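Listed below are the residues making up each chain.
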Amino acid sequence: MSSVKDWAAPTPISENRGGLIGKGVDRYEGRLKVTGSAPFAYEVEAPSPPAYGVLIASPIAKGTVTLADISEARVAPGVLLVWTPHNVPAQGERGAKINPRSQRGSNPALAERIEHFGQHVGFVVADTLENAKAAAALVRFDYAAEPADLIFEDNLDAADQPEGEEDVRVGDFEAAFAGAPVRLDETYVSPLQNHAQMEPCATTAWWDGDNVTVHTSIQMVKGGQHTLAETLMIPSTQVRLVTRYIGGGFGGKGQAYDDLTLAALAARELGQPVKVAYTRQQMFQATIHRPAVHMRVRLGAQADGRLDAFALEAVTHCRRETPFTEHAANFARSLYAAPNRLTGHRLVKLDIPAAGPMRAPGEASGMLSLECAMDELAEQLGLDPIELRLRNEPETDPETGKPFSTRQLVRCMTEGAQRFGWDRRHPKPGQVRDGRWLVGLGMAAAIRGNFLLPAKAGVRIDADGTITLRQGMTDIGTGTYTILAQITAETLGVPLAQVKVELGDSDFPPAPGSGGQFGAATAGSAAFAAGMNLRTALAELATGDPNSPLYGDDPELVTFGGGHIAVDNRAEPLDRLVARAAPDGIYVEGSITPAADARDYSQHTYGAHFAEVGVDPDTGEVRLRRMFGVFAAGRILNAKTAMSQITGGMIWGVGTALHEYNAVDPRYGSFIAQDLAGYHVPAHADIADLSAMFLDEVDDKANPMGIKGVGELGIAGAGAAIANAVYNACGARIRQYPLTPEKVLAALP
Amino acid sequence: MKTSFTLNGQAASLDLDPRTTLLDALRERLDLKGSKKGCDHGQCGACTVLVNGRRINACLSLAVTHEGDEITTIEGLAQDETLHPVQAAFLAQDAFQCGYCTPGQICSTIGMLKEAADGWASLATEDLTADIVLTDEEIRERMSGNLCRCSAYPQILAAIRTAGGLA
Numbered sequence: 004m005s006s007v008k009d010w011a012a013p014t015p016i017s018e019n020r021g022g023l024i025g026k027g028v029d030r031y032e033g034r035l036k037v038t039g040s041a042p043f044a045y046e047v048e049a050p051s052p053p054a055y056g057v058l059i060a061s062p063i064a065k066g067t068v069t070l071a072d073i074s075e076a077r078v079a080p081g082v083l084l085v086w087t088p089h090n091v092p093a094q095g096e097r098g099a100k101i102n103p104r105s106q107r108g109s110n111p112a113l114a115e116r117i118e119h120f121g122q123h124v125g126f127v128v129a130d131t132l133e134n135a136k137a138a139a140a141l142v143r144f145d146y147a148a149e150p151a152d153l154i155f156e157d158n159l160d161a162a163d164q165p166e167g168e169e170d171v172r173v174g175d176f177e178a179a180f181a182g183a184p185v186r187l188d189e190t191y192v193s194p195l196q197n198h199a200q201m202e203p204c205a206t207t208a209w210w211d212g213d214n215v216t217v218h219t220s221i222q223m224v225k226g227g228q229h230t231l232a233e234t235l236m237i238p239s240t241q242v243r244l245v246t247r248y249i250g251g252g253f254g255g256k257g258q259a260y261d262d263l264t265l266a267a268l269a270a271r272e273l274g275q276p277v278k279v280a281y282t283r284q285q286m287f288q289a290t291i292h293r294p295a296v297h298m299r300v301r302l303g304a305q306a307d308g309r310l311d312a313f314a315l316e317a318v319t320h321c322r323r324e325t326p327f328t329e330h331a332a333n334f335a336r337s338l339y340a341a342p343n344r345l346t347g348h349r350l351v352k353l354d355i356p357a358a359g360p361m362r363a364p365g366e367a368s369g370m371l372s373l374e375c376a377m378d379e380l381a382e383q384l385g386l387d388p389i390e391l392r393l394r395n396e397p398e399t400d401p402e403t404g405k406p407f408s409t410r411q412l413v414r415c416m417t418e419g420a421q422r423f424g425w426d427r428r429h430p431k432p433g434q435v436r437d438g439r440w441l442v443g444l445g446m447a448a449a450i451r452g453n454f455l456l457p458a459k460a461g462v463r464i465d466a467d468g469t470i471t472l473r474q475g476m477t478d479i480g481t482g483t484y485t486i487l488a489q490i491t492a493e494t495l496g497v498p499l500a501q502v503k504v505e506l507g508d509s510d511f512p513p514a515p516g517s518g519g520q521f522g523a524a525t526a527g528s529a530a531f532a533a534g535m536n537l538r539t540a541l542a543e544l545a546t547g548d549p550n551s552p553l554y555g556d557d558p559e560l561v562t563f564g565g566g567h568i569a570v571d572n573r574a575e576p577l578d579r580l581v582a583r584a585a586p587d588g589i590y591v592e593g594s595i596t597p598a599a600d601a602r603d604y605s606q607h608t609y610g611a612h613f614a615e616v617g618v619d620p621d622t623g624e625v626r627l628r629r630m631f632g633v634f635a636a637g638r639i640l641n642a643k644t645a646m647s648q649i650t651g652g653m654i655w656g657v658g659t660a661l662h663e664y665n666a667v668d669p670r671y672g673s674f675i676a677q678d679l680a681g682y683h684v685p686a687h688a689d690i691a692d693l694s695a696m697f698l699d700e701v702d703d704k705a706n707p708m709g710i711k712g713v714g715e716l717g718i719a720g721a722g723a724a725i726a727n728a729v730y731n732a733c734g735a736r737i738r739q740y741p742l743t744p745e746k747v748l749a750a751l752p
Numbered sequence: 012m013k014t015s016f017t018l019n020g021q022a023a024s025l026d027l028d029p030r031t032t033l034l035d036a037l038r039e040r041l042d043l044k045g046s047k048k049g050c051d052h053g054q055c056g057a058c059t060v061l062v063n064g065r066r067i068n069a070c071l072s073l074a075v076t077h078e079g080d081e082i083t084t085i086e087g088l089a090q091d092e093t094l095h096p097v098q099a100a101f102l103a104q105d106a107f108q109c110g111y112c113t114p115g116q117i118c119s120t121i122g123m124l125k126e127a128a129d130g131w132a133s134l135a136t137e138d139l140t141a142d143i144v145l146t147d148e149e150i151r152e153r154m155s156g157n158l159c160r161c162s163a164y165p166q167i168l169a170a171i172r173t174a175g176g177l178a
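Chains A and B, in that order, are what the protein sequence lines are.
The first sequence maps to residues 4 to 752 in the working numbering.
The second sequence maps to residues 12 to 178 in the working numbering.
One chain only, chain B, in its complex shape (with noise of 0.2 Å):
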């Protein structure tokens, strides 16, 4: 099936197996590896990208279905050699040990910033009609869909709150 998306910042266009999913269209068709496979199954928030500006697991999407979409993912964040504000909080604040759950973690809480300042609330919100203040526990409770097994949380705690002026 023919499918075209914007893929950081550039046209693509492919011929696809409606089975592919979007993760594995970025790993195996279009080289963009950066994006992870943890679980295949939505669990684990390795694959996370972001589609017209929110994130989503790109595990649980067919790629056929992004038809016109636009689509981030963790290479396209990255100005030349200028980090993106997240990854190079990420890279001082040692936000990560193997790194495979990283580049997810990096594309969440882009995602998760703007959710924030677009006004979704979270489990962790009290009052549903105030803005949204990011709290410690409001961001743990807006990271948790993207697991680390070297249990870096406390460190990635600190990276987006560089990140997001929150420090």
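Only chain A is shown next, with the shape it has when bound in the complex (with noise of 0.2 Å):
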């Protein structure tokens, strides 16, 4: 296994002779997505036409199926199947494990046995979307309910160590924060979101003998054919998953849903090509969502302003079955320096759908409590907010006493205060008056831990000196494609428009696929292994082919550019030495894997926001003027395609901090907002000026490129800056998000 000081190095990206790394270049995919011509998994072309599959959801949040009656929709027009919990074909039990890799995030599709609101119990196939749906319609169920506890407010009392997990102590918090000259202990809630991708959960699905292929929308190739394989009961090599395009990810379409596994059952069922999509009402009930969060913050500090104690305490929710905790407490571990720490986290289990991870899973909720807690401090001690955080800014991670990889989280804020125009925030609340609006300034801190996973890629060169890369990844909008192909054009010399990318396909080498930041580091890591290896084919070939001008020459001396091979002022090009030594073409591989030394340092990425916003008094609402960011992510593979990864995140810290909530039903279970009018995603009229910038930093320690990932820096904190704005506005110190009108109006002073 490789040290991080093989990574020091200087590489072809280090060097960057082509240019091509850090270079705002068009996506690779650009053209065919402003065309309209790249195809979703719903508009695959199948071998022969498909039909419709349309899903019914469950009325109730617990209990049975006691009947389902198919008699009138199985004669309707068209339909050619009608499943229900009572003739569904047999499905692999979950964790049946005949694939240890299984990533199945739910029961076998259509149970009997209801576990939430708008579980899936029926599924008709007819021969156009129109006749399902109509049919769809005609199914009876009869159900017996049985109480269920859906609200996270009335079930605090229930909440349990989650299982494994201890909370992390550093000295005696309690009596540090006991004796501290000031103190802040505030709760903040971060509330219940939904991913809301713009194209809903897909599958387009056909079979050839015993063996099915499927087109779906899924950010994790490897996972999705294992648990497809686990559920249809037959071995990996028999399942072929494709995902070339996909509508929005953001770890709500890490898993495979039922989407994926009717179309494959029916396709089998019926031996034509199935395809069934997710309504967008479904998409809040029947997939993944970010759990509310309630976080207590308590901090000790001296009159200074120097962190005696710190705690983050986070409960939070889970479906019953399905324990998954959102780790809201997590990144605080290596914020800000105190020398006696506690931060741990509890879950309620409920009836309600799954939580899952949602863009910087942790971060994006956390940081909404500490965040404003640290600007409420500021206030007590008198201190500037940024101030405050520079006083507590630690050598070496405050937990670990580990070092940084690389920490410019001061640099993030001082830069971004001078052009920001920071020395323009009135300390006082309630100053600054602009018509009928009260103007405020805040600010946060960003942090979000860089990853790297293990993954391969293979790239081949052909005899028109054309090179592929291909790997079982993703690309969910983040610009997987445009980085792979910069990084392998530069590793080889050649202009971009020599390389292909081919991405997302089960028979390709596979990479985790997309989630967690971890996407550029460990897909471009193994993109950069494997065009390292195709330089060391290619510098044999040449130098052991005697109608090569480098025939004889060191290989170790070879170098690349220009679409050429060469030693000193020897040189052919790659195109004519592939078609003359080696016609059918070179194919080799490459991996990553993390260093073993690698978690001997606290790696981060970092930032920090900057907001300006108006709160009227007299309706409560607020908008944003101004946003701006500044955030060290180590180095740059693509400004423009970075730039709008950040600036998307930001936004969505706006809609965290004004807009996004849901709340389930006491009633049903079901949320109560279910589609695209009662859930607010931002708008564009919600966005003013925004904009961010990056800082210079190469990460020698997090992989052989000095990259980390910016899908989800920009989010993590960003509400907090804008809740702090509204503060610094009006004088409201709301600790409840979303800043909606109704508690603006209730808040002001």
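Just so you know, these hints were derived from the structure itself, not from any lab.
The model shown is predicted, which means the values in this text are computed figures rather than measured ones.
Accuracy of the hints is not assured; some may be wrong.
Unchecked claim - With a cut-off of at most 20 Å between alpha-carbon atoms, the simulated EDC-like pairs for lysine to aspartate or glutamate come out as follows:
hint	chain 1	residue 1	chain 2	residue 2
1	A	K136	A	E177
2	A	K136	B	D91
3	A	K431	A	D619
4	A	K352	A	D163
5	B	K13	A	E133
6	A	K746	A	D621
Grab the two chains, each in its own frame, and use the hints to assemble them into the complex.
Here it is as structure tokens:
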């Protein structure tokens, strides 16, 4: 296993002779997307015309299906198949572990036992979508309903320590907090949120003998493949899962849902391709969501602002049968210095749809608490909020004492303050007016962990010089296609146009997929390794070929650039070499594994958010006026796509602070908001002048390219900056997100 | 029901189930899958197409009501290899990430620019008697029927300013 020391050496990426690394090139698949010709899962051309599947949802939260009458539906026009719990084909039990890597997130599809509102109980396939929908309305169900635990706030007393998780303590928090001259003890609540990806989950499936091909919208290729194989009780080698384009994931498409299972089962039953898509309502009720979190923050400080005692305790919820902890306290373990520390989580189990990861799980909720608490403490101390943070900047990781790989939080704050005009902030709330608006400024820090997972990639060069990278990786809008093309082209010294990237296929070398901000580093490092292996193969080919000008040269001295392979002034184009010496092309693979000593460093991405809001004191409406962020996230591979990721994350923070939440209906266990009118994600008019910048950084402890992820950092802390700006504008301190008008009005001083 | 309309400049005629929305007719009968289904309820704008030059949500419109209409979809905008200026601006400004809302955003932009040129006011219009000036606030207001969960709004704004000659 490698060591991080190996990663500090110069590479084609750090040398960047072609200038492709960091360049804001257009998206690789951009032309397909702006012309509407990128086929998403429901749009893929099947070998023969597909039939249409429609799902039917349970109207109860807990109980059993006692009757399913399909007699009318079965004979309705165009109907090919009607399934209920009583006639759905057998499926492998969850956890049957035919495949040890299964990531199955749900029970067998159409189970008789109901565990949440919206669980699917029926499935109709017909020749057209219209016929399938009409027939679905004809299936009649009876249920034996049972009492269900539905409301988080009513069940806080039932919170338990998550299995296998301990609180983390350093020093003696209670004693230090009791003895601190300045104390803060407040509870903040982040809301239940839905991913609301623009593309609903969808699958098109067909069989060829014993082998099934599925095109589906999923972030994790291998996980989906193994899960489906487990469900169908066949080996993974008989399942080909393809996911070329994904209309948004954000963590919500990390697992397989019923569209995948039922499309595959029905296509087998009918001997015909079948496609199935969730409705928008089913996206809310039958996938995962970000759970609400109650966060108690206690800060004990000296009069000069230095923290003696710090605690963040988070209580969250999950579906009874699917344990999941929103780790809202984890980020704080590495953020501010304090000798006495306590962090931990508690979990309430409910009979509602499953909680799961959503963009920056942990940070996105957790930073809404501490980053407001720091603002409140700064006011108590009479300190500027940035000054308070500077006084608590740790030298080493405050919990473990490990060195930071890189940490530019201070520069993010100071640079951002200068560029944003932080000195214009009035320290006293409610002092600045612009017409009817009370105007305020707020800031917050951002931190998000950086990760590297094992991955492989394959790369081939053909006789015409075309270089093709293949990887079982996904691009969920993050820019994966584009950065992999840049890495591959730069590594091999060829123009971008000479490189093709093919992703999202279980036949390709495996990568973990998109999630946890690890995609670029993980997939990219494997692509880089594959590219380096191809360099070696080409160098050996040229120096061993009597017809090459490089014949007899030391392969170690070979260089690549401008589409040529060279030693000193002797060179030839790659296509000429390959066409002559390896006319069938060359294919090699490369892989990355985390370095043995990677965890000896505290490794994160950092940032600082600055926001200006207007508050209408008569209506309680909050409007974003301006927002700016400064971020440090390792070497940036593509200035354009990285910026889009970061500003997109910041806008998620705006939504978190001002708009987005869902609630459970205590009568039925359904979500109150189940469409995009009821669940308001930020719309264009909600976003004003919003921009960001990256600091120069290379993290040579992160991976061979010194890069880090940027997909989740932008949301971390962003909502707290808005909440702090609202307080600065009008003096309303609201600790229950989102800051909707009725809460603002009630909290106005 | 037999229905005929002009689709991306070509005559199209088909026998339709009257329950079929324009969106499903395009996607499932006419093999034009560029228009997207995000909500099927007129809430997200991913299905936006141009009918007689005006933008509509294709999911809220039954296909049989379009007898004789001129319909333009995302597939009808580029001239062979040359992108429509709005498409080119979206690509250059990185005005999308996953790309699912993008065909709707682009069709909506074209419809919006024409509405403004025709003097249609919006909630953000201060002087209803003057010519429309497409300020950033006007563009944001007029484009708010097209949601982008990747939240490419700053980049979409930049693309519209470029394409509309407003940059």
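So if I understand the rule, the pair passes when the alpha-carbon distance is 20 Å or less; does K431(A) with D619(A) pass?
With a Cα-Cα distance of about 18 Å, the restraint between K431(A) and D619(A) holds, given a limit of 20 Å.
Check the hint pairing K136(A) with D91(B) against an upper bound of 20 Å on the C-alpha distance.
Outside the cut-off at roughly 38 Å; violated.
Next pair to validate is K746(A) with D621(A); report whether the Cα-Cα distance is within 20 Å.
Holds, at roughly 12 Å.
Take a quick look at whether K13(B) and E133(A) sit within 20 Å of each other, Cα to Cα.
17 Å, holds
Regarding the pair K352(A) and D163(A), is the alpha-carbon distance no greater than 20 Å?
Holds: K352(A) and D163(A) sit about 9 Å apart, inside 20 Å.
Agreement of K136(A) and E177(A) with the hint, judged by alpha carbon distance not exceeding 20 Å:
60 Å, violated
In terms of the numbered hints stated before, the structure departs from hints 1, 2, listed from lowest to highest.
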